[in-house]
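Enquirer: Could you put together the complete structure from these sequences and hints?
Residue numbers (the numbering used here), protein chains in the order written: chain C, 1 to 342; chain W, 1 to 342.
Hints were generated in silico from the structure; no laboratory data involved.
Warning: the hint list may mix true and false statements.
[To be verified] Which residues of chain W face chain C? A partial, calculated answer using Cβ under 10 Å:
#1 Leu-47
#2 Ile-83
#3 Ser-96
#4 Val-127
#5 Gly-129
#6 Leu-145
#7 Gly-148
#8 Met-232
Every residue, glycine too, gets a C-beta built ideally from N, C-alpha and C.
There are 2 protein chains.
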Amino acid sequence: MTKRTEISTLGEFGLIRHLTENIVLKNKSSLKGVGDDAAVLDYADRLTLVTTDLLLEGIHFDLTYVPLKHLGYKSAVVNFSDIYAMNGQPKQITVSIGVSRRFSVEDLETLYEGIRLACDVYGVDLVGGDTSASLTGLTISITCLGEGERGKVVGRDGARETDLICVSGDLGAAYMGLQLLEREKSVFRGEKDFQPDFSGKEYLLERQLKPEARKDVVAALARAGIVPTAMMDISDGLSSELLHISKASHVGCRVYEDRVPIDYQTAVMAEQFNMNLVTAALNGGEDYELLFTVPLADHDKVEALEGVKIIGHVTREELGNYLVGRDGGEVELRAQGWNSLS
Amino acid sequence: MTKRTEISTLGEFGLIRHLTENIVLKNKSSLKGVGDDAAVLDYADRLTLVTTDLLLEGIHFDLTYVPLKHLGYKSAVVNFSDIYAMNGQPKQITVSIGVSRRFSVEDLETLYEGIRLACDVYGVDLVGGDTSASLTGLTISITCLGEGERGKVVGRDGARETDLICVSGDLGAAYMGLQLLEREKSVFRGEKDFQPDFSGKEYLLERQLKPEARKDVVAALARAGIVPTAMMDISDGLSSELLHISKASHVGCRVYEDRVPIDYQTAVMAEQFNMNLVTAALNGGEDYELLFTVPLADHDKVEALEGVKIIGHVTREELGNYLVGRDGGEVELRAQGWNSLS
Numbered sequence: 001m002t003k004r005t006e007i008s009t010l011g012e013f014g015l016i017r018h019l020t021e022n023i024v025l026k027n028k029s030s031l032k033g034v035g036d037d038a039a040v041l042d043y044a045d046r047l048t049l050v051t052t053d054l055l056l057e058g059i060h061f062d063l064t065y066v067p068l069k070h071l072g073y074k075s076a077v078v079n080f081s082d083i084y085a086m087n088g089q090p091k092q093i094t095v096s097i098g099v100s101r102r103f104s105v106e107d108l109e110t111l112y113e114g115i116r117l118a119c120d121v122y123g124v125d126l127v128g129g130d131t132s133a134s135l136t137g138l139t140i141s142i143t144c145l146g147e148g149e150r151g152k153v154v155g156r157d158g159a160r161e162t163d164l165i166c167v168s169g170d171l172g173a174a175y176m177g178l179q180l181l182e183r184e185k186s187v188f189r190g191e192k193d194f195q196p197d198f199s200g201k202e203y204l205l206e207r208q209l210k211p212e213a214r215k216d217v218v219a220a221l222a223r224a225g226i227v228p229t230a231m232m233d234i235s236d237g238l239s240s241e242l243l244h245i246s247k248a249s250h251v252g253c254r255v256y257e258d259r260v261p262i263d264y265q266t267a268v269m270a271e272q273f274n275m276n277l278v279t280a281a282l283n284g285g286e287d288y289e290l291l292f293t294v295p296l297a298d299h300d301k302v303e304a305l306e307g308v309k310i311i312g313h314v315t316r317e318e319l320g321n322y323l324v325g326r327d328g329g330e331v332e333l334r335a336q337g338w339n340s341l342s
Numbered sequence: 001m002t003k004r005t006e007i008s009t010l011g012e013f014g015l016i017r018h019l020t021e022n023i024v025l026k027n028k029s030s031l032k033g034v035g036d037d038a039a040v041l042d043y044a045d046r047l048t049l050v051t052t053d054l055l056l057e058g059i060h061f062d063l064t065y066v067p068l069k070h071l072g073y074k075s076a077v078v079n080f081s082d083i084y085a086m087n088g089q090p091k092q093i094t095v096s097i098g099v100s101r102r103f104s105v106e107d108l109e110t111l112y113e114g115i116r117l118a119c120d121v122y123g124v125d126l127v128g129g130d131t132s133a134s135l136t137g138l139t140i141s142i143t144c145l146g147e148g149e150r151g152k153v154v155g156r157d158g159a160r161e162t163d164l165i166c167v168s169g170d171l172g173a174a175y176m177g178l179q180l181l182e183r184e185k186s187v188f189r190g191e192k193d194f195q196p197d198f199s200g201k202e203y204l205l206e207r208q209l210k211p212e213a214r215k216d217v218v219a220a221l222a223r224a225g226i227v228p229t230a231m232m233d234i235s236d237g238l239s240s241e242l243l244h245i246s247k248a249s250h251v252g253c254r255v256y257e258d259r260v261p262i263d264y265q266t267a268v269m270a271e272q273f274n275m276n277l278v279t280a281a282l283n284g285g286e287d288y289e290l291l292f293t294v295p296l297a298d299h300d301k302v303e304a305l306e307g308v309k310i311i312g313h314v315t316r317e318e319l320g321n322y323l324v325g326r327d328g329g330e331v332e333l334r335a336q337g338w339n340s341l342s
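Expert: Here it is as structure tokens:
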């Protein structure tokens, strides 16, 4: 039987202490962590990056099929992803949690296990936060601080005409994983008496439940001597992110359908669900891959990178944003995004 | 008639843009604000401080009597207060908001008006955030970054035996303001047909609805050449905060009942409510005054500070934490705190 300790037995301060005890600070820049009014960080001559994400039960996650440990891991990783997307390194996070009485201390321990695992894997320090009662459900708010080298921090606004457009990994798998979980939701609820068969679909589930941030791609870019002109992580779908870069950089783009990287499991699931595969890859969201642009001169360098694909090029703004189909036809890119799809 | 625009008409990106347009960055350390994966900050050779707060409707605020603009102002100010409590200066905030369909774009504009006003008053830049739908109510998560001078950042753990214990302003007024608002709640709900009479109680309401952070006290300490040995802001009540400092510093304390600063409006209300005045002042919470300790040698300097009162002294840990009554009797301090009182 699982142990269940009511949160009220610990109280607010006891709960924070309990959840954050034995945290050893890993980064030189983390002078002081949890336990005071504010954490104290020391960023000598590097730039400080800061990003934040708010995750609400019923909107961003469904605890019917998302294990709390995975949720903790993912909540942290999606913030790290935003720092990598600036060509930076995540260094610290603060974690604020609002919980209703439905949750026990053990539930929160499990959530924090996931958060702390992500911190260990990515070398990030948990340095502060807040816990609070809530009337309904679970709220997770994470802020991540990171550092970037002066002159090498990459925004969305630097893409220039003729730049190559690149993406890491493959797209649409996390979205397919979500479809799969939604379809089997009745099973998780115990409304059916058979177990869902996820064999051959493990990759899709992993992409949805336990995504990773592309620390390795940022490192590979640095080793190759490439500083992207613009970069974002793909959280709302490729189309949406391409339009963000085009808008911020005052450019247009052409991406080629046959260049968009898609895993075969994603393709098989799209077929089963009778969905348009390219639509899923372009608008699916939650891929947490990196989308970036590099000068044409870096063509050979970027082509040599493992797991990175050139999918198109940057154009003048007036030429708009289009997907070029296999038949050469062009379809205008729209920001359907993850929100409207879910 | 008040205009009401559904949030769905703007969409997530439109909403962020709308709420954060025309924000002019004020601080040299704010290189890049809202609009990318992360804000970019530049803290040359100063220390970076970071604090975060999560505010949930129904737990931390009641929109029956809290105007949204005040709520925005207060949400920002309580974070600034945490940075001042480290002897630092707040410089940037990120603001994440979760809203249910009950709220319109105009509601959020009003909330942001309050946040932006607080940022203007305290010289802080709004540099990022997140907005999301929520199933119920309003969620506000704010993270504040600040800077501190190396060697002058003040934690909770530096109080030493014989240090003087000081507080700024007066205590218990915000709590009395809350009692007053709770009592008149039926009026706000329209259940009664008379207007509440708040005349003579304006100070209590202001302390509850529109608290200020003690930037002036931090500046006065610097001018007087005082670096406190320990400092906190009083958000959960004086007793609770004293125990935090004692625990972190491994000391005890004696504070004197007749030294605890209380405004006359607070005293009058306590009388009316038939409440123990000292209990309210010690455990009321939400004062956002500063509690700090200074070496005995700074006695004359600290006594000359306007609006600061010496309320006791630090002792050896074994002597415990006590309030000395007017009759000389001692009562052990307990962390009743704001949460258990409300």
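Enquirer: Take the hints in turn and mark each one as holding or not.
Expert: Right, here's what the structure says about each hint:
At about 5 Å, the closest approach between the beta carbon of W:Leu-47 and any beta carbon in chain C falls short of 10 Å, and the interface hint on this residue holds. Interface hint at W:Ile-83: satisfied, since its Cβ lies 6 Å from the closest Cβ of chain C, which is below the 10 Å cut-off. The criterion of a C-beta within 10 Å of any C-beta in chain C is met by W:Ser-96, whose closest approach is roughly 4 Å, and the hint holds. For W:Val-127, the suggested interface contact is upheld, since its CB lies about 7 Å from the closest CB of chain C, less than 10 Å.
The interface hint given for W:Gly-129 is met, as the beta carbon of that residue sits about 6 Å from the closest beta carbon of chain C, less than 10 Å. Taken as an interface hint, W:Leu-145 checks out: its beta carbon lies about 6 Å from the nearest beta carbon of chain C, inside 10 Å. The closest approach between the C-beta of W:Gly-148 and any C-beta of chain C is roughly 7 Å, which is under the 10 Å cut-off, so the hint is satisfied. Using the Cβ-Cβ criterion of 10 Å, the hint placing W:Met-232 at the interface with chain C is satisfied: the shortest such distance is roughly 6 Å.
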